[in-house]
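Top to bottom, those sequences are chains S and A.
According to this note's numbering, the residues represented by the first sequence are 362 to 632, in order.
According to this note's numbering, the residues represented by the second sequence are 84 to 457, in order.
Since the hints were derived computationally from the structure, they do not count as laboratory data.
Virtual Cβ for every residue (Gly too), placed ideally from N, Cα, C.
Don't take every hint at face value.
Stated by the list, open to error - Computed footprint of chain A on chain S, listed as stretches where at least three residues anywhere in the stretch have a Cβ under 8 Å from a Cβ of chain A: (1) 517–531; (2) 539–552.
Claimed, not checked - Partial pick of chain S residues on the chain A-facing surface, computed with a CB cut under 10 Å: (3) Asp534; (4) Lys580; (5) Asp625.
What the hints assert, rightly or not - The following label-pair restraints were derived from C-beta to C-beta distances: (6) His229/A to Val608/S: 25 to 33 Å; (7) Ser120/A to Phe517/S: 33 to 41 Å; (8) Leu406/A to Met515/S: 39 to 47 Å; (9) Leu458/S to Thr156/A: 35 to 43 Å; (10) Ile609/S to His186/A: 22 to 30 Å; (11) Ala618/S to Arg317/A: 52 to 60 Å; (12) Thr156/A to Ser531/S: 22 to 30 Å; (13) Ala260/A to Met515/S: 17 to 25 Å; (14) Leu458/S to Thr267/A: 50 to 58 Å; (15) Ile336/A to Pro532/S: 47 to 55 Å.
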Amino acid sequence: MRRLTWFNATSLTLGLAFLYLPMLILIIYSFNASRLVTVWAGFSTQWYGTLFSNQGFIDAAKVTLKVAVASSSVATVLGTMAALVLVRMGRFPGRTLFSGMIYAPLVMPEVITGLSLLLLFIGIGLDRGIFTIILAHTTFSMAFVAVVVSSRLMTFDRSLEEAALDLGASPFDAFRLVTLPIIAPAVISGWLLAFTLSLDDLVIASFTAGPSATTLPIKIWSAVRLGVSPEINALSTIMIGIVAVGVIGASLVTKRAALRREADERAAVQG
Amino acid sequence: MGQTVFEPWNDPEARPLIQFRNVTKRFGDFTAIDNQSFNIYEREFFALLGPSGCGKTTMMRMLAGFEKPTEGTILLGGKDIAPIPPNKRAVNMMFQSYALFPHLSVWDNIAFGLRRDGKRRDEIAARVEEMLKLTRLTQFARRKPHQISGGQRQRVALARSLAKAPKLLLLDEPLGALDAKLRTATQFELMDIQEKTGTTFVIVTHDQEEAMTVASRVAVMDNGRIIQADTPARIYETPNSVYVADFIGEVTILSGTARKSGAGYEIHYAEGVPPLYAEDEARFDNGETCHIALRPEKVAISAERPEDRRNAVEGTIIDIAYLGNLSTYHVKLATGQMIKAQTANTRRLALRGFTWEDKVWLSWTDTAAVLLKE
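Given the sequences, and given the hints that come with them, work out the whole structure.
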């Protein structure tokens, strides 16, 4: 193993500090007893208490979760279908256009996506609310799912599907019983990506949200404009906690699966 | 007590299982299969042999249902199979990559096809166990494909494709991924299983030795056409063209002009040397171009000119390929032609008579060579 040299230790410290110091300060101040954000007055969990009694935040959190679950699920279905068409169909009229349009939302500035959706919803007379946010989030996160799933499909061995057909499976069964289980990790990570994108989106949500529905990022943003309150720190700490648990959990699962596979392969080699 | 010879292709009464009738397959401008008609009979082990890109895989994929003929019809048991999708055909295929489902155990892989037929649970279990036993995989039933060796994977693929008891089993380069020793063992295993189950096998391969070992008939293909389809022995002994002679095994081809002489032909292959003599079925006009195909094992090598043979030429040893059991000598004639001669190494290497640059005599009998028009 390589030793931790003076240079390495410095880079590591600087890198970690750069990434995590702001969050660390935010977490510390969320336990501040004082109402003033920048003055430390002892440890307290009172802001967590007031946060949970703030109906506005609770409602916004519910809306955000509903939007994230619904939009990422629909986006996963649509994105996977788009990926299948792009990878499988070979050449068809309009393929280049379609693939270009699928990937456009990835590079399109969010302001433009949001604005164009707003104009569309006004144009067709759709009342803005939770439904329009779901539609908007589906639209842009579907592109991310399509990218993740299509890169997995590129390396997928077509003969597996042919084998399923050959053994008497209908094309739908071949997809359901063979293709889907094998590409499932990519589909799940596509879903997670869409879910996270929806969870922290501010720009598109603020264009497409109506008075009846507000998401958490919008709520936080508008609250902060009136001054940073310790409640916001508490809320952010909870969000950091959820994300951290998710990320660590996902990497543990992946690592365990990889380790098990390695052990299996060793066992197979030894006969 | 002699066994009856299995030769349905010589029996005018026999009804073929598969009939290709003027089948052509094009991919855009490229013609993969060029107007082919031939029959495959029940219980046959039929090999499609050829270099890559000769159309053998396309032939197989049309039988499986993954490709449709552009022109012509393919009949299976007398019925046109063009409108039947792959999942409704009584044909199963063993894929080159095996295409085992990585997320399913060996047991579930074999049961996959049976489950699609909606068979009863105990029926499926019984059939899977039978297949596991046939392919000696019983102890690996619960393992996943990545937990077993390459040879075992090959047997799982075979068991899975045989589980539904298809009328016809297609094997696409089934042994390509195995090492030489395992391949030989598996070839005999395949023949054994084919005999036990009575299934018709069609195998695609580029390995001529493999085709010769397993098949009842071999079809040698080139550029979308079957050049010759016959038993391994006839393909080797009486090839119908220089292409087939050259593709199967080692051979020396000498070209010249034929002249009728007694029961055979004198072939003038070079200026100023006596002609060679050969007796064969092929008929030539005087002066017609003629190719002599000479198998190296039929050519004898000696230090002195043998008295009793009409065909004898002198040359210099240029190269020796030592294969352990055999040695092949590459001998250059004074007229420039190169002839290969093979001897069995029945003695130790140290006692071998000839070495590089030695002047030797090559000789062969009147019926050893095959005469070919093209």
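Results of checking the hints against the structure:
no., hint, result
1, 517–531, "holds (count 12)"
2, 539–552, "holds (count 3)"
3, Asp534, "7 Å, holds"
4, Lys580, "43 Å, violated"
5, Asp625, "5 Å, holds"
6, His229/A to Val608/S: 25 to 33 Å, "28 Å, holds"
7, Ser120/A to Phe517/S: 33 to 41 Å, "37 Å, holds"
8, Leu406/A to Met515/S: 39 to 47 Å, "44 Å, holds"
9, Leu458/S to Thr156/A: 35 to 43 Å, "39 Å, holds"
10, Ile609/S to His186/A: 22 to 30 Å, "26 Å, holds"
11, Ala618/S to Arg317/A: 52 to 60 Å, "55 Å, holds"
12, Thr156/A to Ser531/S: 22 to 30 Å, "25 Å, holds"
13, Ala260/A to Met515/S: 17 to 25 Å, "22 Å, holds"
14, Leu458/S to Thr267/A: 50 to 58 Å, "54 Å, holds"
15, Ile336/A to Pro532/S: 47 to 55 Å, "50 Å, holds"
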